[in-house]
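Protein chains in written order, with the working numbering: chain A, 1 to 145; chain B, 1001 to 1083.
Where hints are given, some of them may not hold.
Within a straight-line C-alpha distance of at most 27 Å, the following computed DSSO-like cross-link-like pairs (lysine-lysine) qualify [what the hints assert, rightly or not]: (1) B:1006 to A:63; (2) A:129 to B:1017; (3) B:1017 to B:1006.
These stretches of chain B come out as covered by chain A in the derived footprint (C-beta under 8 Å, 3 or more residues) [stated by the list, open to error]: (4) 1001-1009; (5) 1030-1042; (6) 1069-1075.
Note that these hints are calculated values from the structure, not bench results. All C-beta atoms in this analysis are idealised placements derived from N, C-alpha and C, irrespective of residue type, glycine included.
Here is how the chains run, residue by residue.
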Amino acid sequence: MSIQLLGEGFDPWQALQQHQADNPRLAGKYGATSIFVGTMRDFNDGADVDCMVLEHYPAMTQKHLQAISSEAMSRWDILDTLIIHRFGEIRPNDPIVLLAVWSAHRSASFPACRYLIEELKSRAPFWKKEINGEDARWVEYNTPG
Amino acid sequence: MSITVKFFASLRETVGKEEARLDPAQVQTAQQAWAAATDGREMPANTLIAVNMEYAGADAAVADGDEVAFFPPVTGGCGDAAR
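So that you can see chain A by itself, here it is in the shape it has in the complex (with noise of 0.2 Å):
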């Protein structure tokens, strides 16, 4: 279980690669990988976006997608899951969150996934800020997935 909040940009698809060579152990043994990546929209109910400022209390952060990683493991027969979550400025088209859960089977690492995006979106204390020009609104709720 690897959990990262970062306050820069990051390439999800070289965090995936880079977690699979630090963890040689899952070499062989996984035969699915389910991912998510969430993207920042430059357009959100109705109106343009030019940039979004994304908040966090980061202890709680990091002790809920603990609690959540943990869930999944022990929910589904899964054998790692990786968590990286943006916070700080975000500008359109960069990417905000990834979940990877790899696992023999996919019944297993599709519903994990699924899991852990809903639960993170749901409970995980973040909150985001959207910047328009000389506007700023906090986004007040998240729509179900």
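With chain A held as given, fit chain B onto it using these hints.
Chain B alone, transformed into the frame defined by chain A:
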């Protein structure tokens, strides 16, 4: 020692501060911590509460050394409509 209160995101802007320290002798619950830290302001209905980084209710007990956080509904992740 003291009880630490933290406010995040829009709630921080509404309350006008990000942190407060309270005398544990005066505060027994999260609700009382809110009242003491905000000079009796009414808590918005959708406020979420965490005590020591775990979600808790307004009546959760707080004690010396605890950290109590108040924040609005969370909006992390992305990839679908956040409205």
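Hints, one by one, checked against the model:
With a C-alpha separation of about 17 Å, the suggested pair residue 1006 of chain B and residue 63 of chain A falls inside the 27 Å cut-off, and the hint holds. Proposed proximity of residue 129 of chain A and residue 1017 of chain B is supported: the alpha carbons are some 18 Å apart, at most 27 Å. The straight-line distance between the Cα atoms of residue 1017 of chain B and residue 1006 of chain B is roughly 8 Å, inside the 27 Å bound, and the hint therefore holds. Chain A is given as covering the region 1001-1009 of chain B, and this holds because 3 residues of the stretch bring a CB closer than 8 Å to a CB of that chain, at least three being needed.
Remark: the region 1030-1042 of chain B is not confirmed as covered by chain A, as 0 of its residues place a Cβ nearer than 8 Å to a Cβ of that chain, below the required three. Closer than 8 Å: that is the beta-carbon criterion, and the region 1069-1075 of chain B has 6 residues meeting it against chain A, so the requirement of 3 holds.
In this structure, only the earlier hint numbered 5 is contradicted, and the remaining ones agree with it.
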